[in-house]
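2 protein chains.
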Amino acid sequence: MGLIVQKFGGSSVANAERVMNVAKIVTDTYKQGNDVVVVVSAQGDTTDDLIAKAKEINENATKREMDMLLASGEQISIALLAMAIQSMGFPVISLLGWQAGFSTNSVYSAARIRKINTDRLKMELGNKKIVVVAGFQGLNDKEDITTLGRGGSDTSAVAIASALQADKCQIFTDVDGVYTADPRKVKNAKKLQEITYDEMLELATLGAQVLNNRSVEMAKKYNVELEVISSLNPIPGTIVKEVAKMEKMLVRGVTKDTDVARISIVGLTDVPGIAFKIFSKLAAKDINVDIILQSVGRNNTKDIAFTVSKDNAPVAIQALRDLPFVDEDLPIECDTDVAKVSVVGAGMETHPGTASKMFEALYNNDINIQMISTSEIKISVLIDAKDADKAVIAVHDAFLGA
Amino acid sequence: MGLIVQKFGGSSVANAERVMNVAKIVTDTYKQGNDVVVVVSAQGDTTDDLIAKAKEINENATKREMDMLLASGEQISIALLAMAIQSMGFPVISLLGWQAGFSTNSVYSAARIRKINTDRLKMELGNKKIVVVAGFQGLNDKEDITTLGRGGSDTSAVAIASALQADKCQIFTDVDGVYTADPRKVKNAKKLQEITYDEMLELATLGAQVLNNRSVEMAKKYNVELEVISSLNPIPGTIVKEVAKMEKMLVRGVTKDTDVARISIVGLTDVPGIAFKIFSKLAAKDINVDIILQSVGRNNTKDIAFTVSKDNAPVAIQALRDLPFVDEDLPIECDTDVAKVSVVGAGMETHPGTASKMFEALYNNDINIQMISTSEIKISVLIDAKDADKAVIAVHDAFLGA
Numbered sequence: 001m002g003l004i005v006q007k008f009g010g011s012s013v014a015n016a017e018r019v020m021n022v023a024k025i026v027t028d029t030y031k032q033g034n035d036v037v038v039v040v041s042a043q044g045d046t047t048d049d050l051i052a053k054a055k056e057i058n059e060n061a062t063k064r065e066m067d068m069l070l071a072s073g074e075q076i077s078i079a080l081l082a083m084a085i086q087s088m089g090f091p092v093i094s095l096l097g098w099q100a101g102f103s104t105n106s107v108y109s110a111a112r113i114r115k116i117n118t119d120r121l122k123m124e125l126g127n128k129k130i131v132v133v134a135g136f137q138g139l140n141d142k143e144d145i146t147t148l149g150r151g152g153s154d155t156s157a158v159a160i161a162s163a164l165q166a167d168k169c170q171i172f173t174d175v176d177g178v179y180t181a182d183p184r185k186v187k188n189a190k191k192l193q194e195i196t197y198d199e200m201l202e203l204a205t206l207g208a209q210v211l212n213n214r215s216v217e218m219a220k221k222y223n224v225e226l227e228v229i230s231s232l233n234p235i236p237g238t239i240v241k242e243v244a245k246m247e248k249m250l251v252r253g254v255t256k257d258t259d260v261a262r263i264s265i266v267g268l269t270d271v272p273g274i275a276f277k278i279f280s281k282l283a284a285k286d287i288n289v290d291i292i293l294q295s296v297g298r299n300n301t302k303d304i305a306f307t308v309s310k311d312n313a314p315v316a317i318q319a320l321r322d323l324p325f326v327d328e329d330l331p332i333e334c335d336t337d338v339a340k341v342s343v344v345g346a347g348m349e350t351h352p353g354t355a356s357k358m359f360e361a362l363y364n365n366d367i368n369i370q371m372i373s374t375s376e377i378k379i380s381v382l383i384d385a386k387d388a389d390k391a392v393i394a395v396h397d398a399f400l401g402a
Numbered sequence: 001m002g003l004i005v006q007k008f009g010g011s012s013v014a015n016a017e018r019v020m021n022v023a024k025i026v027t028d029t030y031k032q033g034n035d036v037v038v039v040v041s042a043q044g045d046t047t048d049d050l051i052a053k054a055k056e057i058n059e060n061a062t063k064r065e066m067d068m069l070l071a072s073g074e075q076i077s078i079a080l081l082a083m084a085i086q087s088m089g090f091p092v093i094s095l096l097g098w099q100a101g102f103s104t105n106s107v108y109s110a111a112r113i114r115k116i117n118t119d120r121l122k123m124e125l126g127n128k129k130i131v132v133v134a135g136f137q138g139l140n141d142k143e144d145i146t147t148l149g150r151g152g153s154d155t156s157a158v159a160i161a162s163a164l165q166a167d168k169c170q171i172f173t174d175v176d177g178v179y180t181a182d183p184r185k186v187k188n189a190k191k192l193q194e195i196t197y198d199e200m201l202e203l204a205t206l207g208a209q210v211l212n213n214r215s216v217e218m219a220k221k222y223n224v225e226l227e228v229i230s231s232l233n234p235i236p237g238t239i240v241k242e243v244a245k246m247e248k249m250l251v252r253g254v255t256k257d258t259d260v261a262r263i264s265i266v267g268l269t270d271v272p273g274i275a276f277k278i279f280s281k282l283a284a285k286d287i288n289v290d291i292i293l294q295s296v297g298r299n300n301t302k303d304i305a306f307t308v309s310k311d312n313a314p315v316a317i318q319a320l321r322d323l324p325f326v327d328e329d330l331p332i333e334c335d336t337d338v339a340k341v342s343v344v345g346a347g348m349e350t351h352p353g354t355a356s357k358m359f360e361a362l363y364n365n366d367i368n369i370q371m372i373s374t375s376e377i378k379i380s381v382l383i384d385a386k387d388a389d390k391a392v393i394a395v396h397d398a399f400l401g402a
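Line by line, the protein sequences give chains W and B.
Residue numbering for the first sequence follows my numbering, beginning at 1 and increasing consecutively.
Residue numbering for the second sequence follows my numbering, beginning at 1 and increasing consecutively.
Next up, chain W with everything else stripped away, as it sits in the complex:
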């Protein structure tokens, strides 16, 4: 018994049957004596459909009007879920983002939550109502609707859990937890009972799209215990918290990311500050650079290579071309046929053999490593895209057992 925040994504409320399924989960939790706040996203493809409607009329509509448009999606979901809960005979009320007290800044389409005024939430919970809140949305100080950007409903849920000091924030999704690798690809992938915030952040960054990163960062900052759990099969999922049981695992997971482009410039004249100028230029264009490799070439030249997401590659190349020290005839190569494979685990920092064990597994499978990047809890390698699935299985087998 306590206060539980439950978040359901768009696919969990995509149609009447699924809405009823969510209502069942929510009311079961309430029946066990808990106070329940439910955060929901827009149904299924609603957001995409609304975006398509907007584009038909104006490709360059202001974000203020886009937010006005998109916020209607969650409004539909909360009303329908409240109706479903009513049909089961439970007291319930739906609240829009602003009614639930979400104040944000004015960065439309990517607003940050400033604070949550919990008066209304507490009043409704005090009346023993199940409270259904529209995720993804808030109100700025002009009293205009804002949205938090894609995946924002996770953040809404964590923010409410933090503001109300909830006992747990359950993120319902279409997988039943966080796995050591993609279970559709790696047959021996194991579900984790617990994982730390930092590990979850690394996994999310690496393409395991279970939780929105901002929501994990916020959960870490405010120490909100998260649970990743399946809405179709709500058995215990994976708990995300500050300190996780180690379960004798050196690494928590193996992931691949194929949304990677490798850009290289070979033969830059070696003058001081080259790397600084390149990467500050890219930062100014809002391009996230991941793995960076710099080597001294021949004849007082330097080679620099780095990875960006595929859709950032053209902008990155243009940015490089605009630099005064990048000669017109200097070749800039872009390879999009690459993948990043990573192992993540807080246990790694105290086990020096991790990197070599990973490299050995790749070598045994004839997989060539193009670039390497390491952090305290992660080792990533860049390899040919065609080898990615094979590499994940090989590395997973090496660390987590065949």
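Hint data in this document are derived by calculation from the structure and do not stem from the laboratory.
Cβ coordinates follow ideal geometry from the N, Cα and C atoms, glycine included.
Certain hints may be false.
Capping the alpha-carbon separation at 20 Å, the derived lysine-lysine pairs in PhoX-like fashion look like this [said to hold, decoys possible]: (1) B:K128 to B:K168; (2) W:K390 to W:K357; (3) B:K24 to B:K168; (4) W:K142 to B:K63; (5) W:K129 to B:K168; (6) W:K142 to W:K31; (7) B:K122 to W:K142; (8) W:K24 to B:K168; (9) B:K24 to W:K53.
Okay, the calculated beta carbon distance ranges per label pair [what the hints assert, rightly or not]: (10) W:D119 to B:F279: 55 to 61 Å; (11) W:D119 to B:E17: 41 to 47 Å; (12) B:D174 to W:N117: 41 to 47 Å; (13) W:A110 to B:D174: 39 to 45 Å; (14) B:N15 to W:D286: 33 to 39 Å.
Could you slot chain B onto chain W? The hints should help.
Structure of chain B alone, referenced to chain W:
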């Protein structure tokens, strides 16, 4: 030049092309130097689709949640229209009902506007913005979304026009004005340049579904000049105002209403207060009674007949059966094969020959009159449904020329 409120219904914004058409009308008005507030309804069938979604989940959802659901429809329309206006290069902002300052009472699904706080509207107009407002919706004093009921967007528009003391409130629709009869049925029907509020009210009540009645009542009360005008062909339409030019017309229009049921009880024992008891019982059931006919029957009995709308007929009959003085075996007849044909015109009160001219036209066409009802500006007759169209043409020809 002045301040103009323009209202567009759901069919006027049903798709991208129509939204662009509305944007054209609005920006043309703005270009002429006017301040413009636009009130829009939900697109096309959006409201019906949302109701269907709700019914799939819960046939008996609370009206509070229905209003939460339905208000999303106008939210989509205002955002899309604002985007369309942006695409034409004009300054614009969309506002939800509550952002536009609509305070209502708490009768969900049929809320009444209490007041409009015009601060935000005035600020945006002061910034020379076209202001697009979601019709049909407001906020009660619990800060919950309410809706004004079907046709509520007309009321929203008139309320804004009144609150801002607008020079004109244009109601755009799919007809280009108010006609002396349904132009699809009566080939000589003429468009009226002007009509009084009272005449418009009678015509609306009688089934000419051009304007929502509450909006006309409000326009009359606050002396807001209305114009009924076509969104597809925005030439001058029909002006609705307190005193209209007479244009030498005795009557303004001839209408028919086929949503009528005639209920009769024959042979009630004549005790005092029978009529009072019958009609107060019906009023308690929220049933609007229109034409009433009471006659003394034989042997100290009374016959009472009255008309109600078709969907109210079963409830009305049950209510009669529940009365202690209505014997079980007393026959209650219900005839739904009837129609009401009416002539409306403020000029009628000073022309005693109107009724006889109408009856003559019907007699010449072999149409039998079942019931008659008159007011200062209206004469209605109840006839067989099969004669309705013939009657409208005959009466229209008699008064308004073949």
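33 to 39 Å as the expected CB spacing between D286 of chain W and N15 of chain B, which holds or is violated: Distance hint for N15 of chain B, D286 of chain W holds at roughly 36 Å.
Verdict for D119 of chain W, E17 of chain B (Cβ pair) under range 41 to 47 Å: At 45 Å between Cβs, range holds.
Hint consistency between K129 of chain W and K168 of chain B [alpha-carbon to alpha-carbon, up to 20 Å]: Distance of about 46 Å is beyond 20 Å: violated.
Straight-line alpha-carbon gap K142 of chain W to K31 of chain W, limit 20 Å: Violated. K142 of chain W to K31 of chain W sits at ~40 Å, over the 20 Å cutoff.
Pairwise hint evaluation, K357 of chain W against K390 of chain W, where the allowed Cα distance is 20 Å at most: holds, 16 Å
Pair hint outcome, K24 of chain W versus K168 of chain B [Cα-Cα no greater than 20 Å]: violated, 52 Å
Holds or violated: K128 of chain B to K168 of chain B, with C-alpha atoms at most 20 Å apart: It holds: about 18 Å lies between the C-alpha atoms, which stays within 20 Å.
Consistency of beta-carbon spacing, N117 of chain W to D174 of chain B, with hint 41 to 47 Å: About 45 Å separates the Cβ atoms of D174 of chain B and N117 of chain W, which means 41 to 47 Å holds.
Distance restraint between K122 of chain B and K142 of chain W, which requires alpha-carbon spacing of 20 Å or less: Status holds; Cα separation ~14 Å.
Assessment of proposed distance window 39 to 45 Å (beta carbons of A110 of chain W, D174 of chain B): Holds, at about 40 Å.
20 Å Cα cutoff - pair K24 of chain B, K168 of chain B: holds, 19 Å
Distance restraint hint 55 to 61 Å, applied to the beta-carbon atoms of D119 of chain W and F279 of chain B: For D119 of chain W and F279 of chain B the Cβ distance comes to about 48 Å; the hint is violated.
Going down the numbered hints, you'll see the structure goes against 4, 5, 6, 8, 10, while the others check out.
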